[in-house]
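Engineer: The working numbering applies: residue 5 is where the sequence shown begins, and numbers increase by one.
Derived from the structure by calculation, the hints contain no laboratory data. Watch out, some of these pointers could steer you wrong.
Computed beta-carbon distance windows for the label pairs [unchecked claim]:
id	residue 1	residue 2	range
1	P58	P15	19 to 25 Å
2	E207	E59	29 to 35 Å
3	R47	E281	40 to 46 Å
4	G17	A48	19 to 25 Å
5	T287	G73	15 to 21 Å
6	A9	E59	36 to 42 Å
7	E11	L45	23 to 29 Å
8	P56	E231	18 to 24 Å
9	R33	G282	46 to 52 Å
In silico DSSO-like links for lysine-lysine, alpha-carbon gap of 27 Å or less [to be verified]:
id	residue 1	residue 2
10	K256	K114
11	K114	K324
12	K324	K256
Using N, Cα and C, we set each Cβ at its ideal position, and we do this for glycine too.
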Amino acid sequence: MSIRAGEVEGPLGEVLRVMMASEPVDQERSAAEQREENAQLWRASLEFVVRPAPEGVATEDLEIPVNGGTIGARIYRCQGAVGTHVFFHGGAYWLGSVELSDIHSRWLAKLSGVAIVSVDYRLAPEHPYPIPIDDCAEATAWLAANGADLGLDPSSLSIGGESAGANAAAVVALRCAAGDGPRLVAQVLSVPLTDWLDDAIYEAETDPRCTPTAADLALARRHLFGEAPRPEQLLAASPLRVAIPVGMRGIKTMIMTNQFDRLRDSGQAYAQLLLREGVEVTTYHAPDIFHGGTGMTALSASARRYEAVYAAYVRETHVKRT
Numbered sequence: 005m006s007i008r009a010g011e012v013e014g015p016l017g018e019v020l021r022v023m024m025a026s027e028p029v030d031q032e033r034s035a036a037e038q039r040e041e042n043a044q045l046w047r048a049s050l051e052f053v054v055r056p057a058p059e060g061v062a063t064e065d066l067e068i069p070v071n072g073g074t075i076g077a078r079i080y081r082c083q084g085a086v087g088t089h090v091f092f093h094g095g096a097y098w099l100g101s102v103e104l105s106d107i108h109s110r111w112l113a114k115l116s117g118v119a120i121v122s123v124d125y126r127l128a129p130e131h132p133y134p135i136p137i138d139d140c141a142e143a144t145a146w147l148a149a150n151g152a153d154l155g156l157d158p159s160s161l162s163i164g165g166e167s168a169g170a171n172a173a174a175v176v177a178l179r180c181a182a183g184d185g186p187r188l189v190a191q192v193l194s195v196p197l198t199d200w201l202d203d204a205i206y207e208a209e210t211d212p213r214c215t216p217t218a219a220d221l222a223l224a225r226r227h228l229f230g231e232a233p234r235p236e237q238l239l240a241a242s243p244l245r246v247a248i249p250v251g252m253r254g255i256k257t258m259i260m261t262n263q264f265d266r267l268r269d270s271g272q273a274y275a276q277l278l279l280r281e282g283v284e285v286t287t288y289h290a291p292d293i294f295h296g297g298t299g300m301t302a303l304s305a306s307a308r309r310y311e312a313v314y315a316a317y318v319r320e321t322h323v324k325r326t
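Construct the complete structure from the given sequences, taking the supplied hints into account.
Structural biologist: Next comes the structure, spelled out in structure tokens:
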């Protein structure tokens with residue numbers, strides 16, 4: 005990989021420099037301990053890096069039955085909401101939660117006018133592959149079957165996510181397209197990980213502004229798939245590598261990428277693959293954000309625009325059906 009054109013937007017550049025200078029993950033500490041520390045840091049920084057939550061968004065917490073137990077989820081909706089968008093948070097499959105992405109989900113509901121259901125899928129390494137992705141698939145199917153009882157409209161159902169959550173959404177959409185899941189009208193993949201078998205994402209990056217690091221991605225793979233990942237599992241979780249079912253032509257797709265993101269090229273490659281397979285694909289590229297920077301809406305006009313583009317696409321796909 006080479007130095008990429010452009011610059012990281014203003015204040016985000018300062019945040020990036022602090023991030024890149026921070027200590028690497030302490031391998032001696034458990035994933036649970038590191039996860040809690042990460043959550044505390046994010047909560048402490050929220051008022052500085054994320055714009056305040058909008059008013060007028062009602063929430064409802066619920067439990068969704070899945071294989072081996074139940075998982076939490078939260079519904080976000082404004083008065084007159086149409087359709088249902090199921091959202092899977094980011095965090096490399098071992099970080100993140102519904103709570104930590106709460107403000108983002110509120111903004112998606114406010115800006116889109118669509119009911120957002122954020123899913124607390126179980127995390128690795130305590131719950132390794134395929135559990136997190138299966139949780140997302142089972143939650144989507146459960147909402148399709150039971151959403152009407154919650155005041156949702158499951159007849160107009162879309163899914164989406166960010167980073168690892170976008171990977172899960174892409175895999176779930178492929179399953180649904182193949183007949184193993186409910187009918188979807190659209191998917192939105194924000195900075196998706198589409199290829200676990202891509203050697204380039206685990207190699208040294210010559211542009212220091214690109215995130216996540218090779219070590220970050222290697223750790224995510226190890227947490228999700230174990231110390232000795234099975235190639236068939238990596239393949240099954242890599243949408244860029246698998247056959248695209250004909251049913252994907254009925255699932256409109258938005259793929260969003262960032263310039264300073266190690267996952268940029270594989271995300272854009274997946275958009276091209278879907279286009280070749282006859283899928284209606286829309287793309288959006290942020291030229292001045294790094295991976296993770298899209299959530300820093302208090303610091304970045306580009307991040308706010310990115311959030312608005314996501315929401316506008318969700319609104320368009322649902323409103324056109326009403």
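Engineer: Kindly confirm whether 40 to 46 Å is satisfied by the beta carbon distance between R47 and E281.
Structural biologist: 42 Å, holds
Engineer: Has the hinted range 18 to 24 Å been met by the Cβ atoms of P56 and E231?
Structural biologist: 42 Å, violated
Engineer: Just to be careful, I want the Cα atoms of K324 and K256 compared with a cutoff of 27 Å; is the pair within it?
Structural biologist: 12 Å, holds
Engineer: Verify the CB-CB distance for T287 and G73 against the hinted window 15 to 21 Å.
Structural biologist: For G73 against T287, whose Cβ atoms are near 37 Å apart, the range 15 to 21 Å is violated.
Engineer: Would you say the C-beta atoms of P58 and P15 sit inside 19 to 25 Å of each other?
Structural biologist: Since the Cβ atoms of P58 and P15 sit about 22 Å apart, the hinted range of 19 to 25 Å holds.
Engineer: Decide if the proposed pair is consistent with the structure: K256 and K114, CA atoms, cutoff 27 Å inclusive.
Structural biologist: Given pair K256, K114 holds - Cα atoms ~22 Å apart, limit 27 Å.
Engineer: Between A9 and E59, does the beta-carbon spacing fit 36 to 42 Å?
Structural biologist: With Cβ atoms ~39 Å apart, the hint holds.
Engineer: Note whether the CB distance of E11 and L45 lies within 23 to 29 Å or breaks it.
Structural biologist: 26 Å, holds
Engineer: Take a look at whether the Cβ-Cβ distance between R33 and G282 falls inside 46 to 52 Å.
Structural biologist: 47 Å, holds
Engineer: Please test the hint of 19 to 25 Å on the beta carbon pair from G17 and A48.
Structural biologist: 21 Å, holds
Engineer: Please work out if K114 and K324 have their alpha carbons no farther apart than 27 Å.
Structural biologist: 18 Å, holds
Engineer: If you check the beta carbons of E207 and E59, does the distance land in 29 to 35 Å?
Structural biologist: 46 Å, violated
Violated hints, listed in ascending order, are 2, 5, 8; each of the other numbered hints is respected by the structure.
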